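Novice: Take a look at the letters that make up each chain.
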Amino acid sequence: MDNNEIKAPETTKKPRKKPEAEILLDRQLEMKTKTRKTDIAILASFCAFILFFGIMFFVLPDKEYSETEKRVLKQAPSLSFSRIADDLKRDLKIMTMTEEEKKAYIAELGDSYKVFSDEIGDYYADQFPFRDQLRVVKAAAEIGMLKQENNDVVFAGGYLIKKDSVTGVTQDEDGTIRDRTYEDAAETIKNNIHLLSGIEQNLPDGIDLRTVVAGRTIDIAKSKLPAVFPYEDTHADAYWSAYSGQVSADGVNAVEVKDMLKAHFEDGEYVYYKTDHHWTSLGAYYAYCEIIKSYGLTPYSLDDFTRQTFTASFVGTTFAKAGAVFGGADTIELFRYDGDTDYTTTIINGDKTTVLQGFYNQDKYRDINDKYSVFIGSDDTGDGGNNAVTTVTKNGEKRQKLILIKDSFGNSIVPFLARHFDLVILDLRTSSSDFTSYLEDPDLSHILVLYNMETFMNDAKISNAAGRIIPYYRKKSQ
Amino acid sequence: MKYNEESRVFTVIQFMVFSTLEFLFLYLIVALGFYYLFPRKLRNIWLLIISLVFYGWGEPIYLFLMVFTIVVDYVCGYMVDKFRADKKKAKTALIISVILNLAILGFFKYYDFIVGSIINLIPGVNIPLLGLSLPIGISFYTFQALSYVIDVYRGDASVQKRITSFGAYVTLFPQLIAGPIVRYKDVDDALNERHETVDLFASGIRTFMAGLCKKILFANVVGQLWSNIRDVPTGERTVVAAWLGIIFYSLQLYFDFSAYSDMAIGLGKMMGFRFLENFNYPYIADSITDFWRRWHMSLSTWFRDNVYFPLGGSRCSLFKTYRNLFIVWMLTGIWHGAYWNYILWGVFYGIILMMEKGFLLKWLEKVPKVIRHVYTLLIVLFGWLIFVFENTSEGWAYLKNMFGVGASGFASTADAYMVLRNLIFIAILIIACTPLPKKLFYKLYFNEFKVGKVWRVLVPVGCVALLVVCTAYMVDSSFNPFLYFRF
Chain A
416 MDNNEIKAPE
426 TTKKPRKKPE
436 AEILLDRQLE
446 MKTKTRKTDI
456 AILASFCAFI
466 LFFGIMFFVL
476 PDKEYSETEK
486 RVLKQAPSLS
496 FSRIADDLKR
506 DLKIMTMTEE
516 EKKAYIAELG
526 DSYKVFSDEI
536 GDYYADQFPF
546 RDQLRVVKAA
556 AEIGMLKQEN
566 NDVVFAGGYL
576 IKKDSVTGVT
586 QDEDGTIRDR
596 TYEDAAETIK
606 NNIHLLSGIE
616 QNLPDGIDLR
626 TVVAGRTIDI
636 AKSKLPAVFP
646 YEDTHADAYW
656 SAYSGQVSAD
666 GVNAVEVKDM
676 LKAHFEDGEY
686 VYYKTDHHWT
696 SLGAYYAYCE
706 IIKSYGLTPY
716 SLDDFTRQTF
726 TASFVGTTFA
736 KAGAVFGGAD
746 TIELFRYDGD
756 TDYTTTIING
766 DKTTVLQGFY
776 NQDKYRDIND
786 KYSVFIGSDD
796 TGDGGNNAVT
806 TVTKNGEKRQ
816 KLILIKDSFG
826 NSIVPFLARH
836 FDLVILDLRT
846 SSSDFTSYLE
856 DPDLSHILVL
866 YNMETFMNDA
876 KISNAAGRII
886 PYYRKKSQ
Chain B
2 MKYNEESRVF
12 TVIQFMVFST
22 LEFLFLYLIV
32 ALGFYYLFPR
42 KLRNIWLLII
52 SLVFYGWGEP
62 IYLFLMVFTI
72 VVDYVCGYMV
82 DKFRADKKKA
92 KTALIISVIL
102 NLAILGFFKY
112 YDFIVGSIIN
122 LIPGVNIPLL
132 GLSLPIGISF
142 YTFQALSYVI
152 DVYRGDASVQ
162 KRITSFGAYV
172 TLFPQLIAGP
182 IVRYKDVDDA
192 LNERHETVDL
202 FASGIRTFMA
212 GLCKKILFAN
222 VVGQLWSNIR
232 DVPTGERTVV
242 AAWLGIIFYS
252 LQLYFDFSAY
262 SDMAIGLGKM
272 MGFRFLENFN
282 YPYIADSITD
292 FWRRWHMSLS
302 TWFRDNVYFP
312 LGGSRCSLFK
322 TYRNLFIVWM
332 LTGIWHGAYW
342 NYILWGVFYG
352 IILMMEKGFL
362 LKWLEKVPKV
372 IRHVYTLLIV
382 LFGWLIFVFE
392 NTSEGWAYLK
402 NMFGVGASGF
412 ASTADAYMVL
422 RNLIFIAILI
432 IACTPLPKKL
442 FYKLYFNEFK
452 VGKVWRVLVP
462 VGCVALLVVC
472 TAYMVDSSFN
482 PFLYFRF
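Chains A and B, in that order, give the protein sequences.
According to my numbering, the first sequence is numbered sequentially starting from 416.
According to my numbering, the second sequence is numbered sequentially starting from 2.
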């Protein structure tokens, strides 16, 4: 043991100065008789905790869909020897690539590129026992620390306001995939307007195309935001100036509803939900008035409707993101009128069809979290109200026909528009199948494009509309 | 899901992190459960198996490399011991081990860096870059494996006859991926015979919990603040944001790194090991010399024992002392990563430490305490600035930003909003950098507050409460907006 020729004398001479933590541990171990009971309690509670959740995870059945969060949950990834072998092969291949090759290869694999451990992690988080309750705990902790936000949703005077609405990824010319930025979103807005202008120019006389882009909660409830708030950084104004700039440049026929609803909001009217990103039925009514007036028609007045409360305990999509609600739940009202059950709403999603007398699927959605789907909601609750095709007719009466190309904001405006027109309602996000047969209807007089800004800047699928409508009329005019 | 290009590319090398649900509620239960079900004899083998599973969880390929390292160092250690009488042969075995370990580390970590630098320096040279992903934890476990052969050679530790026990030491899952670097001589006895006790286990839980909270509640959250500031394009960042950003990064790095160490030490205690502490409140240091006695202690100790002292330490001529300091700090820098900024960072500290040794420490003793702390924190802050930007020109631009060059103004509403809504959080973080929380905790734990009989209940209840909060943050961080906005 005398083999320490390179060992410096310092190591043995100076005893190591113990850090605080080790001194405390020594002290604790000396006093262990006193702390023994506490130690046993700590040990027992820790083990009980991880065992409880660990076992519950296996005992509780996996859920497919989260009602609270309104999204499909991750399922258990399958594990097989062939999968392990394939993953190994893939990773070996990636290992020998340069950075550029790696990026290109992974971009090429796209969604099929999955790492088993990633999948397990996502599966655990999504299916974790008491996930909903734990999310409330987190939201409460964030609010307790006066963070004013949780998961990028601002708690603003009872309103839950989502700051950012850009989603999705884009591929640059050099092949790199990246998150879309607000500039990309503004570009999408302009492109969409441009496409709509293209459709407008190709429509024959007698068919009127109008575009409505509704505001998001942040556009409407701006006054509720905290006094110190970087509104600039949400780029809300940039989106709207991109929108109105392009509308006037292309001369698109657009109906303004955002500022109108904002004014109503600031007057204290309940035009947007607090916990959901949609407008309320009242908000939809005001928008309907503007649209009908722009057609030169007279809208029905508020007195022509009976307001029926469908639910007073609605918590919607922004709640789902924020994890908690501190301004109370929302009320969904149905604007009823005499004879509204004489209307027939036919909902077609692929080969599934739902027929409603009237516009509301009240029985199906009364006990479901996703209550906004009461508006033209199909019987298949997973689909909600975003049906591929919905038609509305009135008692076999023959009326002018309006094609409504919309996102979910359109669902709650249907009962109003139906008083004036027979409707064909298309959700291009749900289905990309051919809808040109509806254009053949000789009664077709209006096409109304109605989105909210969030969809409009992300995935409004306007190009699908343009790709169907423009060639159809071009061919016809030849 | 936010698309993170970087993470996508590097997820190829995945590993299990302590602060995930699957670690806490699946792996840990299985690992600890069977550990205590098995008789003592089999525990090291179980540790080896479960550690290999841990390492190979996301990336099984590099397991082969790991096994190779274990075999090489086991054989070398054995040879060193066998030829103890013949110094030459013992030394040969030691040198083989050192060369092989450093060669593997060098190849995987530095090949591209060196070749890339050569290509940059000498135009026309055509050597292919390999683009190999770095095997996770290689810098940590290589140093551990090396320390075994060196400790045996020096006679500080006895040879480990069982390859499974040696394998368990190298792969020990608690500190495998992020340290602390455990010296063989510190766990020599525990590896062969250790006594798992209730007290140590409970202490392990407390340490682990401290780490879990630091990681999930502090580091991840403050890290988000930093990355928000970092992602702002240069030219749009204000002076205040730039300063806050680097402060946030300093906090993130400390809480993240010390959290891993705490969790590792805690897990070790749960299985009867007593690892040495790795961090000792570095941000309360009053000089850089002091800072480095408190930051990543296991690394500084490793370099001190295995590089600085063998070179002669400070017990030689002044020139040699400074040379030794310089070498050690340059190596420390390189150890952190194969980029120029890490070397720069190491040299930066080397120079400051030389200055402190030369004259600064004497000056510092005369000035008020506050100034000493401000001085230390500022140096550390600028150190992290060098450390965080692997692209040095980006770091330079950020530095200029901090002094108003290329900034978009002094402060903005966004800065005010960020500070206001994180005021309590930041205050908590600053307090958590000091020994105060731990002192208060132990006062409670030893019942020095005299709160009556409740004190026995308070600690375990608090432990469960923190577990609930940590679990909540783990569950919700997974929130996946891309999927959610179907409509």
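Since the hints were made in silico from the structure, they are not lab data.
Check each hint, because a few of them may be wrong.
[Stated by the list, open to error] Simulated crosslink set (DSS-like; lysine-lysine; CA at most 27 Å straight-line): (1) B:Lys454 / A:Lys433; (2) B:Lys444 / A:Lys449; (3) A:Lys449 / A:Lys433; (4) A:Lys489 / A:Lys809; (5) B:Lys444 / A:Lys432; (6) A:Lys478 / A:Lys518; (7) A:Lys447 / B:Lys162.
Treat the numbers as computed from the prediction; the structure is a model and nothing was measured.
Novice: Which hints, by number, does the structure contradict?
Specialist: Failing hints, ascending: 1, 4, 6, 7.
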